[in-house]
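Asker: Just so we're aligned: the sequence shown equals residues 1 to 465 in UniProt numbering.
Keep in mind that the hints are not guaranteed to be accurate.
Under the rule of at most 25 Å between Cα atoms (straight-line distance), these lysine to any residue pairs were calculated in the SDA-like manner [unchecked claim]:
#	residue 1	residue 2
1	Lys273	Leu140
2	Lys273	Arg242
3	Lys273	Gly259
4	Lys273	Tyr381
5	Lys273	Tyr91
6	Lys273	Ser392
7	Lys273	Val189
Quick caveat, the hints were computed from the structure, so don't treat them as lab data. As the structure is a prediction and not an experimental result, all values here were calculated from the model.
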Amino acid sequence: MTQAGGAGPPFETVLVANRGEIALRVVRTCREMGIRTVVVYSTADRDSAAVRLADEAVQIGPPAPRQSYLYPPAIIEAAVSTGAQAVHPGYGFLSESPDFAEICARHGLTFIGPPPEVMARLGDKALARRLMADAGLPVLPGTRDPVSTVAELVPAARRIGLPLIVKASAGGGGRGMAVVRTWEELVPVFRAMRATARSVFGDPGVYLERFWERAKHVEVQVLADEHGAVLHLGERDCSVQRRHQKLVEETPAPRLAEGMARRLAEYAVAGAKSVGYTGAGTFEFLVDEEEAAFIEVNSRLQVEHPVTEMVTGIDLVREQIRVASGLPLPVGQEEVRPRGVALECRVNAEDPERRFAPCPGELAEFVPPGGPFVRVDTHGYPGWRISPDYDSLLAKVVVWAPEREQALARMERALAEFRIGGEGVRTTRDLLRGVMGHPVFRAGTHTTSLLDGTDEPAGGTAPAG
């Protein structure tokens with residue numbers, strides 16, 4: 001599929017308000033579009049690959065995120081002083097902050113993302129749940145409003161039943177949630193999650209939802225412009241997780257019930273239209289056989305966006321930038337024709353043997369895989385020091401093939417090729433190799449319970465080992 005261009009780049013200069021592989025990813029697309037880039041960086045990232053590739057780089061503070069990547073005054077000053085017209089927030093950090101988007105607007109900067117009022121409504125997970133239910137999307141039994149007291153908690157929990165999950169209203173990215181399986185756990189977990197929500201997100205609000213023990217986690221990528229067009233780009237399965245955070249993603253989602261992918265796509269488009277969404281976003285669902293339930297909206301680019309790019313040929317960062325400049329989407333829904341299968345594995349600097357503890361350190365060896373239809377999004381290189389101050393994501397290995405068995409074989413080969421070493425550095429690479437060979441994953445019947453050992457292959461229990 002060809003993507004329409006224009007007489008010139010939508011912006012002359014874009015500031016990238018992020019770090020790591022996503023900063024590098026945005027810089028590369030900007031360069032292809034003829035857009036000058038400015039990267040901000042903390043002192044820990046002065047030698048980063050993104051700093052080296054950008055046209056200009058501005059130091060904004062020490063390693064601590066709240067003094068650098070989460071500090072809007074320094075970012076805005078960098079944007080204004082370098083003549084940027086727009087700010088791309090990447091994912092994480094300030095990417096879903098309506099306050100930051102409003103600050104950008106007050107300084108004449110275009111925030112590359114949805115409008116702040118839309119982000120604010122969808123960022124409140126309890127409110128988003130109500131909005132989507134009103135738009136006709138299915139939701140799990142739960143509370144329509146945040147729960148503030150034990151007096152509210154107990155009757156609400158009895159209506160919902162066990163197991164249930166307590167979620168931070170302002171949470172996201174797999175953080176700020178805990179499962180309750182016994183009545184004895186209910187009040188302690190509720191109090192702990194309110195304290196966590198207050199300290200991590202600045203908002204103690206939590207809500208309750210019924211918890212599906214063994215469900216698939218499936219999301220739908222949407223793109224919307226300011227002219228009323230809303231497209232879906234297919235679904236992604238994100239069921240392989242640790243601590244509610246994704247490790248493996250693939251598109252199309254395997255072994256969905258007949259018609260389920262179409263239903264999820266229709267739900268996502270309807271939800272996006274109902275709130276006036278623009279830009280790239282993801283609608284997330286739980287799927288249990290014939291049933292589906294909305295979870296949340298991520299009002300930003302997702303870590304796993306490359307798998308969608310691999311099967312559609314659409315550069316999501318490019319379209320984010322074009323939409324933010326006011327341009328219409330270059331294609332209609334009928335022109336989106338996904339082809340083949342794509343898989344992504346997140347190689348994190350973590351030790352699976354120590355409950356996925358982060359493993360900072362200097363990379364002595366770092367040789368990513370290559371070969372046909374293999375893409376590696378990474379900021380790592382020999383000599384790069386993995387900082388303890390940031391997320392542990394080191395690389396995303398992405399493969400494409402015409403069909404799933406070939407894609408699995410290609411991913412197994414790519415992970416086996418990946419050479420990573422350094423004193424104290426451990427990664428999830430070998431765990432991911434194990435996932436690729438797991439009989440339940442290979443059958444496509446896996447759920448979010450795969451890594452806790454409760455998923456079983458057809459015909460019996462998975463062998464130990």
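Asker: With reference to the structure, classify each hint as holding or not holding.
Answerer: Outcome of the hint check:
1. Lys273 - Leu140: holds (21 Å)
2. Lys273 - Arg242: Given that 25 Å is the threshold and the Cα spacing comes to 32 Å, the pair is violated.
3. Lys273 - Gly259: holds (21 Å)
4. Lys273 - Tyr381: violated (42 Å)
5. Lys273 - Tyr91: The given pair, whose Cα atoms are some 22 Å apart, holds under the 25 Å limit.
6. Lys273 - Ser392: violated (35 Å)
7. Lys273 - Val189: violated (36 Å)
Hint compliance for this structure: hints 2, 4, 6, 7 are broken, all remaining hints hold.
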